[in-house]
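A.B. asks: Chains as they are written, first to last, in this note's numbering: chain H, 1 to 796; chain F, 1 to 178; chain X, 1 to 102.
Simulated from the structure, these hints should not be mistaken for laboratory data.
Zero decoy hints are in this set.
Distance ranges between label pairs, derived from CB positions:
| no. | chain 1 | residue 1 | chain 2 | residue 2 | range |
| --- | --- | --- | --- | --- | --- |
| 1 | F | L162 | H | G789 | 48 to 56 Å |
| 2 | H | G789 | X | S91 | 44 to 52 Å |
| 3 | H | M784 | F | V134 | 32 to 40 Å |
| 4 | F | L153 | H | R259 | 25 to 33 Å |
Residues from chain H that keep clear of chain F, each with C-beta distances beyond 12 Å, as calculated:
| no. | residue |
| --- | --- |
| 5 | L572 |
| 6 | E660 |
| 7 | V693 |
Covered stretches of chain X, going by a simulated chain F footprint (3 or more residues, C-beta under 8 Å):
| no. | stretch |
| --- | --- |
| 8 | 27-40 |
| 9 | 74-81 |
Being a predicted model, the structure only gives us computed values, none of them experimental.
From the three backbone atoms N, C-alpha and C, an ideal C-beta is built for every residue, glycine too.
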Amino acid sequence: MELLELLTWLIPVGPLAAFAVILLLTAKNRTLSFILAWAGIFIALVLSWIVSFNVFGDFLADGHAVAEEPVRVHSSVAWLPIGDYYGDPQGSAFAAAGDEAHGAEAGDHGAEEEGHHGEEAGHAVVPDETKSGTWFRMGVAVDPLTAVMLFMVPFAVFMIFIYSVGYHNFGAQPGKFLGIPNHGMEEPMFSRFFALMSLFGGAMLTLVVADNLLLLFVGWEIMGFCSYALIGFWYARDYDSPKRLSPRRAAVKAFMTTRIADVIMLLGIVFFYRTFGTLNFSAAFTPESFQNAIQATAFGAVGLGLMAMMLFSGAVGKSAQFPLHVWLPDAMEGPTPVSAVIHAAAMVSAGVYLLLRIFPLIAVALEAAPGFGWTIAFIGAFTALMSATIAVAQYDVKGVLAYSTISQLGFMVAAIGVGAYIAAAFHLITHAFFKALLFLCSGSVIHGMEHGAEHVHDHHSDPQDMRLMGGLKDKMPITFWAFLIGGMALSGFPIVTAGFWSKDEIFADAWYNFLEGSPVGLFVFIMLALSAFLTAFYTTRQLALTFAGKPRSPLAEHAHESNSYMTTPLVLLSIFAVAAGWFGIPDNFLGTDGIFYNYFHHFVGATLEESFHVLYELHLIPHEIFTLPFMIVPLVTSLVVALGGIYLGWVMYARKPLEEGQPDPMIGILTPALHNFLHNKWYWDELYQAVFVRPAVFFSEVIAYELVDRTLIDGILHLVARTIFGVGGYVRRFELAVFNDGIDWVKDRFLDLSREFRTFQSGKIQEYALLSVLIAFVFTAFIMLVNAGILNGILN
Amino acid sequence: MQVIFILISAITLVSGIMVVTNRNLFHAALYMMLSFLGVAGLYVLLENGFLAATQLLVYIGAISILVIFAIMMTRRLMQTTESPFNSQWVWGGAASLLLFGLILVILLQVFTLDPNSTAAILPPAAEEAIRDSVNTLGVSFVDAEQYVLPFELASVLLLIALVGSIIIARPDVEDDQA
Amino acid sequence: MIPLSWYLLVAAALFCIGLYGILARRNAVAMLMAVELALNAVNINLVAFWRYGNPSQPVGVAWAIFVLTVAAAEAAVGLALIISIYRQRDSVIAEELDILKY
Chain H
1 MELLELLTWL IPVGPLAAFA VILLLTAKNR TLSFILAWAG IFIALVLSWI
51 VSFNVFGDFL ADGHAVAEEP VRVHSSVAWL PIGDYYGDPQ GSAFAAAGDE
101 AHGAEAGDHG AEEEGHHGEE AGHAVVPDET KSGTWFRMGV AVDPLTAVML
151 FMVPFAVFMI FIYSVGYHNF GAQPGKFLGI PNHGMEEPMF SRFFALMSLF
201 GGAMLTLVVA DNLLLLFVGW EIMGFCSYAL IGFWYARDYD SPKRLSPRRA
251 AVKAFMTTRI ADVIMLLGIV FFYRTFGTLN FSAAFTPESF QNAIQATAFG
301 AVGLGLMAMM LFSGAVGKSA QFPLHVWLPD AMEGPTPVSA VIHAAAMVSA
351 GVYLLLRIFP LIAVALEAAP GFGWTIAFIG AFTALMSATI AVAQYDVKGV
401 LAYSTISQLG FMVAAIGVGA YIAAAFHLIT HAFFKALLFL CSGSVIHGME
451 HGAEHVHDHH SDPQDMRLMG GLKDKMPITF WAFLIGGMAL SGFPIVTAGF
501 WSKDEIFADA WYNFLEGSPV GLFVFIMLAL SAFLTAFYTT RQLALTFAGK
551 PRSPLAEHAH ESNSYMTTPL VLLSIFAVAA GWFGIPDNFL GTDGIFYNYF
601 HHFVGATLEE SFHVLYELHL IPHEIFTLPF MIVPLVTSLV VALGGIYLGW
651 VMYARKPLEE GQPDPMIGIL TPALHNFLHN KWYWDELYQA VFVRPAVFFS
701 EVIAYELVDR TLIDGILHLV ARTIFGVGGY VRRFELAVFN DGIDWVKDRF
751 LDLSREFRTF QSGKIQEYAL LSVLIAFVFT AFIMLVNAGI LNGILN
Chain F
1 MQVIFILISA ITLVSGIMVV TNRNLFHAAL YMMLSFLGVA GLYVLLENGF
51 LAATQLLVYI GAISILVIFA IMMTRRLMQT TESPFNSQWV WGGAASLLLF
101 GLILVILLQV FTLDPNSTAA ILPPAAEEAI RDSVNTLGVS FVDAEQYVLP
151 FELASVLLLI ALVGSIIIAR PDVEDDQA
Chain X
1 MIPLSWYLLV AAALFCIGLY GILARRNAVA MLMAVELALN AVNINLVAFW
51 RYGNPSQPVG VAWAIFVLTV AAAEAAVGLA LIISIYRQRD SVIAEELDIL
101 KY
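Here chain H stands alone, though its shape is the one from the complex (with noise of 0.2 Å):
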């Protein structure tokens, strides 16, 4: 094995090893806990910028090599041997699939297949030419976007690992209480902690060095139970008030909106096997094997582009996008840098991440089937707007960051709409740069603030209120200028940072996309610069009222600069915050020709160039990769949009900052009836709470319960029982509302009855067994029925 394939496999060997010996050994020791999570995190991060820095090399030395083949580091092991490798030679039913699946892996992957097919006959007594490649491989690739994935996740990760000891208290008196925040002192489940953090980076750079889907999933799967585990790691928490949605309430929230999308996902990874003959991405995205798709799947083209918008379920889950964002404000009760790990490095880039590795299928989707693409600009432009609206309207410093991540990821999933590739990954690099300072920096600054509510003994008031903050810019000097810098990033402060330059880039591709004539460009254009105006302006707003003025609370009076475990990384995720975006300055800016170059667009590009440009060849995208015309209207819109928001910012926070006490402007402004719409989310939780949540419990408790428990497994049995009970309630309820009518007490009744009646459902597994069984007969049989064709009379 060449070396690079061996460190490329390696990578996320690091973490995964690290929480394996944190738990199963150092559980007990704090220090060589997280020092084991630092070394794993770590050699991933030298391991990962050895594989990435080798690629950009490479592409510097010889772009048009990388162009042809993009896929730089490739290695794979035959996993599972599927279909009919060990074949019969009269052929049977599955040799078409096996042959089908040969003909899809064809294409420039099939020297390597049939490198490693050659090996393989050295065991196999009968080698069979034409059937190789019908084991499926497990694998990891490296193309240039891989390679700049690959430079961003362990670094950030690295740094939230950095920021988690000091966030913990690392050294601090040792904390009493399990499951809750022990403010100022040790976190008692220290160890715990880094396991599950190491797990989680470990997953994200399984995620990110896949080469085929499943391996992605399983990656996808693993953050998702990770971040189940981290919301709600002070799973002992609660509020008082009934509208904060406690830790443990948040991880079961979040693990189940994501669930919904990702059984999408796996529904749409079978279709794309189905179709395609293997997961492997750059098996399948060779222009025969699209060929050979549209004419396997049923619906041609438009079957691609069903498959492409199931996979993209799964984004919009993971990734926050209307209609299930609900589940990313809520996790912000995790730990600090759960957040950071989860809004910025790891899990909701992953879904950016997936739609940008099945770029491919979505440009075919795009060409074939418009409204595909429609549909994904339209949610990622409506998720962008949305979210920064509500954004404007949160008092929480975290939850105004949730809902900023929300809107920026909605740029890059409208950028994808829109066909722009480049412009999503850039956007997606920076973000996780500027994001992730802005999550640690609030943690910063919560900390402060939880050390000044410790300082006047207050556990009544909210520590990440920024109604309560105020004048920290003297108190906790580094925090204030990672954040202003983090910020100015966020809102696109023109030329300097990095975010300029990504939504610069977003805003040029949709407004060419319109200039050649789709309205749809148009549309996100002007919902994102809509979109870009409010987050430069609300991000002033939340620097102003967290750091300007006179301190509005004895809290912030006695808050204070956190410890050097917090604010190192702060200052190192600032320089990136702002130099990512130099490298990816457009060639032409200002009509500029061979001053600058922009070797991100090129080298990511690079991952596409060939095959894109065969396809577009068959017409079967829109476009090839280019490189745009220099306009001037969407840089115009970007300054106006950016400097507006921040003066707007500054004039009504800033200049005049807040005095304690004294209500938002907003509000007056807004109206209370749109401030109120805006800061309660767009009502999005009630609204989900009528419509699916309330049903489904009615349904598992009526329908479910009472037919499929009662009825049908206990059936007559337990119907004498039944009624007794049913007419002793009857008659119970009957005396009693004689003395109380009140409307309330029915329902209680009801319930208490319906709590009664399930102590019915058996809880024998052998029941349980007897009707899986009978299910899967009745499954079985109906399946047959259907192959026989003996229901066709029925079912047409």
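Given the coordinates of chain H, work out where chains F and X should sit on it, guided by the hints.
C.D. replies: Structure of chains F and X alone, referenced to chain H:
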């Protein structure tokens, strides 16, 4: 050949039925050993002596003994007067028969039971391949391109099962603190 | 020669016998024994397909070995669980073990 096959199968199936119907649990375990022996016989007929030997060692030598231990350790409650079946045994039987019928239907769609039809018999493989099968199997377990990973995982699984069953079956912690 | 379908038939019958045991026996140890029968049925299938398919490739036998491994692990853990439950509740009757429900 066919006579031997039918004989062995009959032993396997009849003792299998005895396993699930016998009132006396200890006898059931003995029948289970007989049934396993029949399966080993089928392996011999299928020209895989290695697996037949493994069957004898693992199933009859280890698992059956384990089951018998468990029966003896929980014997206090084994009253032979009670029915060996639970309340849903009719349904269970019906479900099993239905499933068997279903499998039979599917089987007959693909294969035929007629021993003389050529379509019924897939071509037997080369003598040499059969003779080398143990060797091939051994190599495949240590070959990075084949099953070395599942093989190693299986060993970890066994280790976990070993440790886990000791922990589960251990008396409560309070006892050894006293 | 014995046709492949005969082996499959025997395996199907053995599997259904095991299934019946799982569904209908009261005693948890007996259920576990029935599970072992069902696993054996699967192994017969695997080995038969190996023999009548392509015996030069060890895939069927390798699967059978893994099934055997899992069966061993399952028997060890399952019986440990039964003994543990027996110690707690003085019962190994599967129908009575429904506390998880409450």
